[in-house]
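There are 2 protein chains.
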Amino acid sequence: MAAAANSAIQRLLHPRSIAVLGASDNPIKLSGRPIELMKRFGYTGRLLPINARRAEVQGLPAYRGLDEVDGEIDLAMVMLPADKVVDGLRACAARGIPAAIVGASGFAEIGPRGEHLQRQLAEVIAETGIRVLGPNCLGMFNLRDRAMPTFTSAMDDTSELVDGPVAFVSQSGAFGTFIFSAAQNAGLGISHFLNTGNEADLSVAEVLGGLVETDGVDVLMAYLEGVHRGRELLAVARRADELDKPILLVKVGSSEAGARAAQSHTASLAGEDAVFDGAARQHGIVRLAGQEQLLDTAQVFANGRRARGRRLSTLSLSGGAGVLMADVASDNGLLVQPWDEAWQQRMAEVIPAYGSPRNPIDLTATLISDPDLLRRGLDVAVQHPGTDMIAVLLGNADNASEQLIDAIEQAHRATDRPLVVVWTGGSGRPRRRLQELGIPCFTDPGRAAAALGKLADFSLRPPLPSPERPDDIDDQVVRAIVQDARDQGRAQLDEHESSRLIAAYGIPCAGAFPAATPDAAVAAAHDLGGPVAVKLLSDRIGHKSDVGGVRLGLTDDAEIRAAAGELLDIARGAGDPGARLLVQRMAGGGTELIAGIKHDPAFGPVVVVGFGGVLVDVLADSQVGVAPLDAAAAERLLLSLRGSRLFGEVRGKPARDLAAAADAVARLSWLAHDLADDIAELDVNPLLLDEAGKGVVAVDCLAVLNPAE
Amino acid sequence: MAAAANSAIQRLLHPRSIAVLGASDNPIKLSGRPIELMKRFGYTGRLLPINARRAEVQGLPAYRGLDEVDGEIDLAMVMLPADKVVDGLRACAARGIPAAIVGASGFAEIGPRGEHLQRQLAEVIAETGIRVLGPNCLGMFNLRDRAMPTFTSAMDDTSELVDGPVAFVSQSGAFGTFIFSAAQNAGLGISHFLNTGNEADLSVAEVLGGLVETDGVDVLMAYLEGVHRGRELLAVARRADELDKPILLVKVGSSEAGARAAQSHTASLAGEDAVFDGAARQHGIVRLAGQEQLLDTAQVFANGRRARGRRLSTLSLSGGAGVLMADVASDNGLLVQPWDEAWQQRMAEVIPAYGSPRNPIDLTATLISDPDLLRRGLDVAVQHPGTDMIAVLLGNADNASEQLIDAIEQAHRATDRPLVVVWTGGSGRPRRRLQELGIPCFTDPGRAAAALGKLADFSLRPPLPSPERPDDIDDQVVRAIVQDARDQGRAQLDEHESSRLIAAYGIPCAGAFPAATPDAAVAAAHDLGGPVAVKLLSDRIGHKSDVGGVRLGLTDDAEIRAAAGELLDIARGAGDPGARLLVQRMAGGGTELIAGIKHDPAFGPVVVVGFGGVLVDVLADSQVGVAPLDAAAAERLLLSLRGSRLFGEVRGKPARDLAAAADAVARLSWLAHDLADDIAELDVNPLLLDEAGKGVVAVDCLAVLNPAE
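For the protein sequence lines, the chains are L and R, in the order given. Quick note on full-length UniProt numbering: the first sequence kicks off at 1 and runs consecutively. Quick note on full-length UniProt numbering: the second sequence kicks off at 1 and runs consecutively.
Hints are computed from structural coordinates only; laboratory data are not their basis. Backbone N, C-alpha and C fix where the C-beta goes; we use that ideal spot for every residue, glycine too. Mixed in with the good hints, there may be bad ones.
What the hints assert, rightly or not - Not everything, but these chain R residues come out facing chain L in the computed CB check (under 7 Å):
1. PHE41
2. GLY253
3. SER254
4. LEU324
5. LEU658
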């Protein structure tokens, strides 16, 4: 993003002056709403109604055209019908306005007729350089400046709005405002809301890019229906990571049913969800399953605290509630461990004898008649060095709530560790009061635990990948292999070429020689030594095992010669009389990985890893990383497989060479990155993992090229 | 449960007269609260304060002792200190009162001193036959009769209580009342609430057993911290299944951390959670992870509707919200499928062109300005034959809510299919209104989908197992094998005995002969024919593979003789000079199952199944069923394994003989049931599954007996 564009986005986010094109005098009409809202909530900048037929709009002086306005205009809110928008934008650009919002619908979302209009819009944007939010969007608001170029009805019944450190960008207008409204109900302060609509220009990622640089915006929330330009989002995630600002994100279309619907209903293309998910995780983006989790998580992030570990101490007035919290905390990757003896002793001194000082700490229901018990318990908990996070579990008890809240507030001030409250039942007033005090408060242990789990994950996140290209890549070989295939008009590399390609990237391959005849195969086997595999080598036959084109564990010359003859017969039968053979040294047994490359429409080249056999075939246990990766990120990718215990000592087999596997995957990711224009797909299957320290070896490899341009 | 006991429980649940022992004149004191509550809410029966020192209590005539009361007394609420409870209960029993509630704490929950008191309490109960709720419990209430023998503070701020078809039994007092209060906040009507406390007598299961027989109670909710007598709960589940009344249940202690805490904090022993989970699923109990899911699920069950299939149609005013709903619906086992063309056409006729009639159906945000659009859309949806459930997704829109609610209510009346609303944001008034109309309403699509998923699971539940003992079990052989081992003072059966045991239950075993010498082994191999395995046969060496005690695939006499000699040497080295050999016909390759028996402290004999290899070792993919099972239930058990696709055609292998495997597991479950007193553990590992129609064969088996009594 150029600095100028960024500046345009900043002026969109924080406009000192807003011209409303087509502003209506009627505050109820859509085109009257932006003026009405900014008057009602007290916009701090210059509000400029533009209306060709009126000198006054809703009591404000109006202008017949943009030319009549003196001074700079930061933002134009274009409230014109779809077919007038293009001309309106041209006028804005001519007037030097850097950014505009187009509210009108009737563009790409309505099909062919609208697509034509949206193309015209895109042309104006490209020609003039004006940055546009929309079309088909509700606009934005910024509560800090009370800038509200929007016609949403979400604030119709509201006179007060809760400001806060959370900014929210939504592709959907309607659902976006529902989430905004739910956030307000939950007492979660929102500083900025933007709806990107059809994204003819500005995407959610670009808007987030502007917000992440905004002081006082500490938490970024996004609601996405589809992602076109994934790398843009990842760049913003990298910046957010630097600034320690979490991106909390809901993206719909995770299910097959959902993805189908996402494609049918918006102008967005839902990228393959697994790729999105892997890319997000790799870049520290906190993905959430729905709006409630989004707001719950924002609540624990909003006060800026971070967890320095995963150890949760819970204090509750019901033993059972503590156990329930321990259950759900475990489900969310937190540790609820018994305190050590000395600290249990300290806790035991301040709580009733029939309580439990172990953790989960049971303060007993005596708490209701003796609220000071909570203060005493929390006093100990905030001092306990093995506590990374604290959860207080209460319920009902409206009558005792003042003292309980005081005790919690004191403890919250006495520590910089995250502290949350679960207050189930009752009037709800204690919850609201705690939230006003900046103390996250929930009604359900499970929701609190889920939010704390996300907080811990983010707080303890590994560094983002900072891959460095290995300096031992043999670029000359790589270029030659690709060029050969291109010159011969081939779209597929044969196994030998594919293996040489990954070998040039430093990935160990099983020793192999091509051979054109049975005699040559025997000679190759002699050169290799030991038992060999003989395989069909063809750039026309994709799945050689399907045609019986692989013979394993051959040792004597007669066997090899016979097998070679049979395979060449098979090739002729399968329509490739020019096929050769590959004679390959048999690799020892090992744990089988599958590692591949593919090209994602939104994120470009990615690597995919999984375990061979049951796990990938039956459980579809695979993970995706965006290329390139460093070895540490590749290792995390492998460890995120469900079967990751297979890397360790298991079933009497010693631990596997995970480091070598990670190195191979990282190198593969560089291949994916470097040859993004040439390689459409590449599969290493299997990559055999020997025991730790003994490396990996690729036993089979197949690459498919992109069609030539 | 005897009829008398049941009748005592019915009188506890619906008392026509309640004596309060130790009733205080002070309505704020714990011992004054039951009277205060029943006066405030208007108990319809006879309320009898018993107070040795007062003639009047809180304006009611009081009695000095139970003897002074005329007529029957259904229930005694014993509000005496712990050390007076035993005498009080004796007096109640002497007066012929069938049931009592003991509120006092100071029993088993406080350790040794209290355990002594609780033993005394148990003795009185056993001697007199009085049924007791508690001790250490808050009591119960029944809103139908306004019977409120409880000293909970949950209703302190309330003058109105929402009655309804849901009864709730909680082991925990405090957390139970929080859940009750949260239910009231959510508009969920509760007819009965009971807190079982220490369960010196009445368990949650027994109380549920009384409630399930109560007319007007259609949904049973339970909160459990531990289960002692699991079979009691399953018997109630069976009755609830007959009456089509769901049991919705939260049981804490699912995690290791939680189970540890559950044991430390209550007098309950948390049975192994996986067993509980399997038993619950097998008996149609709907287990939920926490209180919010419990109440959400109760909400969809409360109006009595059932789903006749899993096909969900969603109508939303935001395309994205529809996609999100499709995602979360899929996660919960529901199907959001595009409608067929003809019905899409019908929907398309009533919605805007830029909406989507496919399903998820996007009615577009036009809905807000044209609420009739929802009525038109729902008109089509309720007629659509391929719709099993309907979800309407709305948000904010308070101003249009009246017309929207009317449209929803009309549709709800026009169909008997489940219909739920997700209304995100806004004032909350529309949600409350819909709930009053009996229409489940949520704020979050995920929560609605989870609840609908549970409703579908319950509606479509398979019949409970009705196992019939196979008539071909060779009981004589079974008795002889067990008796032999008992006579010899052995706790372990050797492989041959174990295999004969399961063979007597009709489970196919690989052919095998024991042999004491190498020569006998060769002779045995000749008798079996084909390649054989030779294994150590010892009741002292548990894991024969660990000592190298298994030789596979032996074909010629010399091989067999040599192996036999080596194995006998190994046995001598391992301290069993009397060991013999087992010569077994080699079984062909197949899919490996593990099937076992163990004894659960709460549920008794259970069977455990899993796939051999990676799935069980790495993913701990196993399932538990309570014995005995019928073949259909055994098949469901196997299909609930995560790796269940292995039963089908996969990786080029034909489908496996699932029916034969299910039959073997069912037979094993009968063995577990019949020999519950003798067999502590039994493992069949592996049970090899051949392709469909070709059966299964047990290749290795080991049984361990319970210590002799």
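Status of the GLY253 (chain R) interface restraint (C-beta, 7 Å, chain L): Result: holds, 6 Å to nearest chain L Cβ.
task: Classify the hint on LEU658 (chain R) as holds or violated, based on whether any CB of chain L lies nearer than 7 Å to its CB.
output: violated, 15 Å
Given hint PHE41 (chain R) near chain L, where the shortest CB pair must fall under 7 Å: violated, 17 Å
field: Restraint outcome when SER254 (chain R) is required to lie within 7 Å of chain L by C-beta distance
entry: This hint holds: SER254 (chain R) lies near chain L, its Cβ roughly 5 Å from the closest one there, short of 7 Å.
field: Restraint check, 7 Å cut-off on beta carbons, for LEU324 (chain R) near chain L
entry: holds, 5 Å
Consistency with the previously given hints fails for numbers 1 and 5, ordered from lowest to highest.
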